[in-house]
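Residue numbers (the numbering used here), protein chains in the order written: chain A, 1 to 489; chain B, 1 to 438.
Treat the hints as calculated values from the structure; they're not laboratory data.
Predicted model, so just to flag it, every value in this text is computed and none were measured.
For glycine and all other residues, C-beta sits at the position ideal for the given N, C-alpha and C.
Every clue listed holds true.
Looking from chain A toward chain B, a few residues come up when the C-beta cut is under 8 Å (computed): (1) Thr293; (2) Val316; (3) Ile402; (4) Ala403; (5) Ala410; (6) Gly452.
If you anchor each label on the Cβ, the simulated ranges turn out as follows: (7) B:Val390 x A:Glu302: 33 to 39 Å; (8) B:Ala418 x A:Cys131: 55 to 61 Å; (9) A:Thr251 x B:Ser258: 39 to 45 Å; (10) B:Asp428 x A:Arg138: 31 to 37 Å.
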Amino acid sequence: MTVTVSGPLPDEVYDVAVVGAGVVGAAIARELARYPLRTALVEASGDVGDGTSKANTAILHTGFDAVPGSLEARLVREGRDRLAVYAEECGIPVEPIGALLVAWDDEQLATLPALARKAARNGYRRTRTVCADELRRREPHLGPGAVGALEVPDESVICPWTTTLAYATQAVRAGVDLHLNCRVDGVSEGSRRSPHRLSTGRGPLRTRWLVNAAGLYADEFDRLLGHTDFSVTPRRGQLMVFDKLARGLLTHILLPVPTALGKGVLVSPTVYGNVMLGPTAEDLDDKRATGSTAEGLAFLTEKGRRIMPDLLEEEVTAVYAGLRAATEHDDYMIRSHPGQRYVTVGGIRSTGLTASMAIAAYVVDLLSEAGAEPGTAADLVPVTMPNLGEAFPRPYERAELIAADPAYGAIVCHCERVTRGEIRDALAADIPPSSVEGLRRRTRALGGRCQGFYCGAAVRALFDAPSHGAPSYGAPAADSSSHGSEAAR
Amino acid sequence: MNSEQPPAATGRAPGRRERAVDVLVVGAGPAGLALASRLAATGSVGVEVVDREDEPGGVPRHCFHSGFGLREAGRPMTGPAYALHWADAAVHAGATLRTGVTVTGWSDAAVPAAAPLRVDVTSPAGTERITARAVVLATGARERPRAARLVPGTRPGGVFTTGDLQRTVHVHRRPVGRRAVVVGAESVSYSAVRTLREAGVEVVAMVTELPYHQAAPVTALDARLRHGVPLLVGARVGELLGRGRLSGVALRHRDGRSTTVACDTVVFTGDWIPDHELARRGGVTLDRATRGPAVDGSFRTDRAGVFAVGSLLHAVEPAGTAAREGLLAAGPVLRHLTDGTGPAVRVPVEVDAPLLWIAPNRIDPADPCVATGGFTLRTESRLGPWSSLVVSRGGRVLHRQRLLRSAVPNRTVRLSAAWTANVGAGADGEPVRISVER
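Bound conformation, chain A alone (with noise of 0.2 Å):
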């Protein structure tokens, strides 16, 4: 098992390297970790999943909406069947809500039956259209005006935090080196006989095979193997979540009939008890604006009080924007290049955390076609993940656990009731969090509507421990989050 986070790079030839540790690049290394393969997961930032996985509207889809016949609609499909048995396997925590498209005029309410005629074209039939006095008994807390909608009974929450650590976990126990703080700034391509090689941070990385999954950065990966298929133009989106007392409001994920502007601003429960409001959608340069902006939470606001108006007498818990990695095509950008023995998996929007397991495999398949002869795949442990979400029972509800283990009934974070055990376990596993924040994505801890006012310096203590070895950030221009943190929640 082996995760580094400093210091240079083994000095061995890696059979791939999976550049890029989201939602995406963690589940191919999974993927690869099947086969008898050395493989590498190397990471900019000092923690999985912290770049657009960590920031989105946490939805598994069906599928629904995607243009039918292209490769993101199938891929969303397979990995939604995929990702839903693999949670239920790992104890990720999904609930199956269901959506509800939101009709707010008769313009709207008319192209209803369009989307469910796209959605059969995408596979999916068990949409049904809702009249105005159902929805209005199903959703009492709808703002006035609402003239009917379209349900989608499969739709999904799910935990996007967990999901990229399981894949990360499990990929890592079955022998996948995760090399974090391992920013790439160039690449040596191998010829026939020789392996690439990386030039990162942290000193050279060789290997045979090489997986761009590099998120918003998956463009500039490209141009180094001198490829210009696509750029990533980030496309921020600002989201405010609602305190957990508002989770009682609205019992589906509540959709804007999607217009030729994009698919809008969406109400959602979320798995942790909280509701979400949000995206908005701005196309930037920059691509690490992940800040939030005074236009952009007053036109949520605005959205908000119209969707929801007893939404907005709620005490707001965080504010967060992600940025997607949206490019000039239409589809998802995967790319097999055999004969340089890359493959590049780009313009993976807010669909790829649904879609991130039947990447994963068809990934694994370009790379068989190119000649890379992985092997035979063998099954991996199951891993078993802390429940993040408030539909299944927490530790501190779990008398025979406590029972057994006293430090899980003692409540460090009393909003989110995260326990001494939790924050344990965390700080003790196997990819440990790097920063408070990375903490907060493991346990929820820091997450809730105080936001530190009561447990905030106690939570900081425990993750500065000397005992697991975390940096200390004693001094005072050191500070308890990481470098990029900033779309966290």
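With chain A's structure known, arrange chain B on it following the hints.
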């Protein structure tokens, strides 16, 4: 500490233990502890106080400055000494005090208002279901953090509330930063300045949207003149800057100017919100304005047997006020244990702008006494010294009270309870209105 671990679970199957108490007090801050001390001193009722923190005392525990307890003990105490004072009082009177015990919800979630009162708790000793004849909520209040104030920008480290700051510095003795901006200029903001100074942090500015500070003049002068902390009025934080660590705050001034102040720490002070989760989950009606439970003059919520005291009702008043309410609530709680009924009719008490809220905010015409002795209000803009508070119902003026000095936002305004006996019943829920005559 004067806490007591619960008796070991009986039986071998590790499961939820069922227990019963007369009075369960949730929250071991000044209000909850004072109430427990007085109730237990009667010798006739069993009182248990639970607190989710490891030490009792509530917020004063991390307020290391003096000025607590003048009323109760006749001498100035620090916050931690004051917290101990009430913890001792409660335990010596015979109350059971348990810390590290979290009330996680009401056991009958499906019928939140159903009797009897039963709550579920978790502690390292296990899970329990406690049945009580009366439950007193004394869960306090917290400051709204940056996210709730919708301050845009990046999400760097170095962003605090006063509570987080005080615990970091005084309880965990950890470093904070070098240059801080304090958002707010009310009493608690000056406490934050003091804590920062003690931690060796330079306070580069205090910022308030209002045209003046809202603390005691001597405190504000001391910070400004003796310690050189500039007070920027008519300004708000428009954006947080920096990656990893805060690098500055962008200020928006009332005249439209924007400036940036370089700093590595920002403390959001004040802007209190009651910790009302347990109240809401228990089906207790909140007052729209205070966001705390709607209570009458006897601290009764609209759920029979459920009372509320302290900062949960009026976020936020000094610790002494909370403790006094705890003492005063003992009578109504005892009365409930005897007669067991809740209020039948509750007349809402509402305020007109620029008043923001009033507590208590319901009148029971059958029980018009106000145990608190008076009402606490807040205004959102300054009221001159010749303004009057006018109490009326259905157009009939019940009371008029001239303010002896000006009132400012974020500070206590008091209204006498002399008029409550004249409210009368009837008039179909017509509220009592409090307005300002300038």
